[in-house]
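Letter by letter, the chains look like this.
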Amino acid sequence: MTALAPTAPAPTSTPPTNLRARVRRNPAPYLLALAGAAWLLVLFVIPLISGLAVSLMTGNPQEGYTFTWNWGVYGQLFGPGASTPYWLFLGRGIFYGVMATIVTILVGYPMAYFIAFRARPEWKNALLLLVMLSFLVSFIIRTDMWAFLLSDQGPVLTVLRGIHLVGKDFHILGTNAAVIGGLAYNDLAFMVLPIYLALERIDPRLIEASADLYGKKPATFFHTVLPLTRSGIFAGILLVFIDSAGDPVSPSLLGGTHTYTIGQAIQDAYLTNQQYNVAAALSTVLMIVLGVILFAYARIAGTDNIEDLV
Amino acid sequence: MTPTDPAVMRGLTQARLSRRTLLRGAVTGLGAMAMAATLAGCGIKGSDAGQAARNIDWKAFWASQKKTGHLDFANWPLYIDQDKGKIPSLEMFTKATGIKVNYQAVIQNNAPFYATIAPQLRAQQSIGYDIIVMTNGWEVTELINNGFVMELDHSRLPNFAKYAADNVKNPPYDPNNAHSVVWQSGFTGLAYNKKLAPKKVTSFQDLLDPAFAGHVGMMNDNTELGGAGLLATGVKPVDSTPDDWRRAAEWLIKARSNVSGYYDQSYIDKLQNGDTWVSQAWSGDIFQAQANGATDIEFVVPEEGQAIWHDNMMIPMQAQHPVDALEWMNFYYTPEIAGIVEDWVNYICPVPDAKQYIADELEDPDVSDSPLVFPTADMEARSNELYVFKNYDEYELWNSIFNPVIQS
Chain R
1 MTALAPTAPA
11 PTSTPPTNLR
21 ARVRRNPAPY
31 LLALAGAAWL
41 LVLFVIPLIS
51 GLAVSLMTGN
61 PQEGYTFTWN
71 WGVYGQLFGP
81 GASTPYWLFL
91 GRGIFYGVMA
101 TIVTILVGYP
111 MAYFIAFRAR
121 PEWKNALLLL
131 VMLSFLVSFI
141 IRTDMWAFLL
151 SDQGPVLTVL
161 RGIHLVGKDF
171 HILGTNAAVI
181 GGLAYNDLAF
191 MVLPIYLALE
201 RIDPRLIEAS
211 ADLYGKKPAT
221 FFHTVLPLTR
231 SGIFAGILLV
241 FIDSAGDPVS
251 PSLLGGTHTY
261 TIGQAIQDAY
271 LTNQQYNVAA
281 ALSTVLMIVL
291 GVILFAYARI
301 AGTDNIEDLV
Chain W
1001 MTPTDPAVMR
1011 GLTQARLSRR
1021 TLLRGAVTGL
1031 GAMAMAATLA
1041 GCGIKGSDAG
1051 QAARNIDWKA
1061 FWASQKKTGH
1071 LDFANWPLYI
1081 DQDKGKIPSL
1091 EMFTKATGIK
1101 VNYQAVIQNN
1111 APFYATIAPQ
1121 LRAQQSIGYD
1131 IIVMTNGWEV
1141 TELINNGFVM
1151 ELDHSRLPNF
1161 AKYAADNVKN
1171 PPYDPNNAHS
1181 VVWQSGFTGL
1191 AYNKKLAPKK
1201 VTSFQDLLDP
1211 AFAGHVGMMN
1221 DNTELGGAGL
1231 LATGVKPVDS
1241 TPDDWRRAAE
1251 WLIKARSNVS
1261 GYYDQSYIDK
1271 LQNGDTWVSQ
1281 AWSGDIFQAQ
1291 ANGATDIEFV
1301 VPEEGQAIWH
1311 DNMMIPMQAQ
1321 HPVDALEWMN
1331 FYYTPEIAGI
1341 VEDWVNYICP
1351 VPDAKQYIAD
1361 ELEDPDVSDS
1371 PLVFPTADME
1381 ARSNELYVFK
1391 NYDEYELWNS
1401 IFNPVIQS
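Residue numbers (our numbering), protein chains in the order written: chain R, 1 to 310; chain W, 1001 to 1408.
The reader is advised that the hints may include incorrect statements.
Claimed, not checked - Covered stretches of chain W, as calculated for chain R (at least 3 residues, CB under 8 Å):
{"no.": "1", "region": "1064-1070"}
{"no.": "2", "region": "1254-1260"}
{"no.": "3", "region": "1270-1281"}
{"no.": "4", "region": "1399-1406"}
Calculated directly from the structure, the hints in this document are not laboratory data. Virtual Cβ for every residue (Gly too), placed ideally from N, Cα, C.
Make the full structure from the sequences, and use the hints.
Below, the structure is given as structure tokens:
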């Protein structure tokens, strides 16, 4: 006991308010934060700035691109005289993202609820593994398999036509529903896992208390369980919406001629036409629009405390 | 509550500008300015500042080069003969010449591969390959115009002069084969599913027929798509003008209402799945689909004609083993070796005499008798070379005309 005494902090001393003093006093947390900060700087801030910088360049792949503060590119792409309807592609991407998010909540919440409250404890890990199992296969291959299964002469439609549930001209691929379904399928686990975590953390006594206060099952769910999992739903929405709004893969593999999205436009501008400034401007706009939407959402529906999100 | 002097309130609520804050602000401002200056100095290099300016005496260059006994060969996946994990044609080459070949199937697509090698070539560095294979189009034109590929020494390619098919000699994108010899060619025509299609397909105009609504596949490659539009409107792509391009785009937009999608290589799956009943198609894919049992699918040379494209072997600048590369090109252009490769690859053989070799020696009449591999004179007559872009502005104009067909 006496040996420990010198290292124990003196309880009476007031914590220093000056940042430098605090760092000197206890450097460990700040050093640990350094790794995270470096990560954010290298993989987030620098790409963000360089993306913005590239969007302000002018030139072409042959002569190269030079930085010229060309803000006009945004007007050319999104202004009234734009030759390509990028607003439409952006709107479509956001629409698909929103719809896919709604589908994942509707499908994922009951799944998470079942695993958290109804499944026997020894099955929980196995069920969670099943949720994540599809991640073992590349999502491009998975999406392509859907394209095969849902094709006009594929197994699904052949059977449906065979039992006269759908007409001869019915098809799935190339429709909005196919794209939304593909996005929701690929991102389902991103919704299930955060909700499951939030459900797991609920103290069962709160549910009992709700019952004791004459809350029927629906009331208990809507007034106790659902609000307590708001953070999980919020995290799930962030993950699914951001991922699916800009996804080029599902629209190109499952979509048709009227499902072209901003993600595909960015990919085509970058890889096919090598118009780096256009690609960078499109992705900057996409990022800003997503940021504004999520910020507004967080202000309206989000939690009071950011720590609730994690 | 006693009234407070407003100055005190201000002092309490507002931060005072200390000298330190001012200094910090100044440093931040300077930093921002420095960053802006850095940004202004940065850019992405284009391909123009290439090696074109360098005047090379190719005769002297080739005279000074020696055989090294090694060859680095970059090609596309599944594009050479294979036998239990080995490549017989390359083994025969090693046996005959002593040159060991490092064969890499690294080229997945023209534009990204070009984007990968262009910076190295611009910096006059070796890209690590002595032979690359790329399709005629904007990238090959860039490679040639920028001086990124060597001029070939045709005195060391006697077999090319002797055996090469007429359709690979003196192509419009590389006059006199100065920089390239063809590895394989292919037709882009139409293919349709005999079982599902409501009628026989004979012409591009069939794509407009409402009977095919929602079951027409087109390619998402602007060059291929534009080529089809030009042929459909009765224009030879190689002689076309921007006005022709606009009319072709109008035709393609008209066809859009029937189109189910604009596809990459996956068009062949769509055709086999039955998602599309008629599709723009490459001859080699259709040959292989038929060989694998998809007998309902038939290749059609449209009445208006079809496009022919070529995958070209080229020697990039700074290649370490150029003489060995020439030896392989010469070795390939024989009925025997071209036949062995062709019997596996099934696109269009650049050596017509390989037909006899495949029939007699390899005893594979499915390949040797196929007009998709050894085209008939009639098919050749209805084949059209693609447009050759003169400069980037033309290429950009082409893209700006045909992009809206796909993007809407």
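Hints, verified against the model:
Coverage of the region 1064-1070 of chain W by chain R is violated [criterion: at least 3 residues with CB-CB distance below 8 Å; count 0]. Judged by the Cβ-Cβ criterion of 8 Å, the region 1254-1260 of chain W is covered by chain R as claimed, because 3 of its residues qualify and three suffice. Judged by the Cβ-Cβ criterion of 8 Å, the region 1270-1281 of chain W is covered by chain R as claimed, because 4 of its residues qualify and three suffice. Taking a C-beta to C-beta cut-off of 8 Å, the region 1399-1406 of chain W contributes 5 residues in contact with chain R, enough for the three needed, and the coverage statement holds.
Violated hint: 1 only; the structure is consistent with all others.
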